[in-house]
Amino acid sequence: SQQGEEDPQALSIQEGENATMNCSYKTSINNLQWYRQNSGRGLVHLILIRSNEREKHSGRLRVTLDTSKKSSSLLITASRAADTASYFCATVAIGGGSQGNLIFGKGTKLSVKP
Amino acid sequence: DTGVSQNPRHKITKRGQNVTFRCDPISEHNRLYWYRQTLGQGPEFLTYFQNEAQLEKSRLLSDRFSAERPKGSFSTLEIQRTEQGDSAMYLCASAPLSGVADTQYFGPGTRLTVL
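Protein chains in written order, with the numbering used here: chain D, 36 to 149; chain F, 82 to 196.
Please keep in mind that the hints were generated in silico from the structure rather than gathered at the bench. Computed from a prediction, not measured in an experiment: that's the story for all the values here. You may find that some hints are simply not true.
Computed, partial: chain F to chain D, Cβ under 7 Å [said to hold, decoys possible]:
no., residue
1, 114
2, 122
3, 134
4, 136
5, 143
6, 146
7, 151
8, 187
9, 188
What follows is a list of derived Cβ distance ranges for each label pair [what the hints assert, rightly or not]:
no., chain 1, residue 1, chain 2, residue 2, range
10, F, 109, D, 148, 38 to 46 Å
11, F, 122, D, 53, 20 to 28 Å
12, F, 136, D, 93, 24 to 32 Å
13, F, 99, D, 112, 47 to 55 Å
To list a few chain F residues with every Cβ distance to chain D over 12 Å, as calculated [stated by the list, open to error]:
no., residue
14, 149
15, 159
16, 166
17, 195
Note that CB positions come from ideal geometry on N, CA and C, so glycine has one too.
Extracted from the complex, chain D is given alone in its bound form (with noise of 0.2 Å):
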């Protein structure tokens, strides 16, 4: 089954905006990672950040994560039209014999206008 819920399911922008993307989740984790996936193509791994990490960068990717909240967020900033794409966390769970297999949410799918 599906780990949370990214929200919200679907964002449009014109370029040049930010992008906000949230992510919740039910379990204790290990990390949790953002991808990326084009329309009918495979996924692009985009940023991860550990549980012990609060806050990352990744050039105009920006990552919080508050795992007493369980939930995480994804900012790009200064969209572009090539950010158009369906956005996915993931998460990796702690223990139960787990092999790093990810668990994704259900996306966001971000348009943005030029």
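Dock chain F against the given chain D, drawing on the hints supplied.
Just chain F now, with coordinates in the frame of chain D:
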């Protein structure tokens, strides 16, 4: 680094037929995962290989599904007696052995349509 490749990219089959998909991981990666993604959903884990050993299987992997990684390199996923509910994107991902919880590298997927 040629990335993870999957073949075929698209497969259309009739209900009841068998299909087989292939995944070629990044060459030095010991870990290989299969996921299934239906329309509008995130990927769901199917099975995991560490080298040639299949170490974990999801309850989603019914007995019509079988996966192999015979020499610890490429992997195949076979679906027997396909059903319309099997229509989905099948994704393969690989990762190095160090750090069980680290980044996975995904292939482009095989889109299966069962008529």
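Here is how each hint holds up against the structure:
1. 114: At about 6 Å, which falls below the 7 Å cut-off, the nearest Cβ of chain D leaves the hint on residue 114 of chain F intact, so it holds.
2. 122: This hint holds: residue 122 of chain F lies near chain D, its Cβ roughly 6 Å from the closest one there, short of 7 Å.
3. 134: 11 Å, violated
4. 136: Holds, because the Cβ-Cβ distance from residue 136 of chain F to chain D comes to roughly 6 Å (cut-off 7 Å).
5. 143: Result: violated, 16 Å to nearest chain D Cβ.
6. 146: The hint is violated - residue 146 of chain F has no Cβ within 7 Å of chain D, the shortest such distance being about 16 Å.
7. 151: This hint is violated: residue 151 of chain F lies away from chain D, its Cβ roughly 19 Å from the closest one there, beyond 7 Å.
8. 187: It holds, given that the least Cβ distance between residue 187 of chain F and chain D is near 4 Å, below 7 Å.
9. 188: 5 Å, holds
10. F/109 <-> D/148: 38 to 46 Å: Check passed, 41 Å falls within 38 to 46 Å.
11. F/122 <-> D/53: 20 to 28 Å: 26 Å, holds
12. F/136 <-> D/93: 24 to 32 Å: Holds, at about 31 Å.
13. F/99 <-> D/112: 47 to 55 Å: At roughly 48 Å between Cβ atoms, residue 112 of chain D and residue 99 of chain F fall inside 47 to 55 Å, so the hint holds.
14. 149: Non-interface label stands for residue 149 of chain F: nearest chain D Cβ at 17 Å, farther than 12 Å.
15. 159: 20 Å, holds
16. 166: Consistent with the label, residue 166 of chain F stays out of reach of chain D, its closest Cβ about 16 Å off (over 12 Å).
17. 195: Correct as stated: the minimum Cβ-Cβ distance to chain D is 17 Å, above 12 Å.
Checked against the numbered hints above, the structure violates hints 3, 5, 6, 7; every other hint is satisfied.
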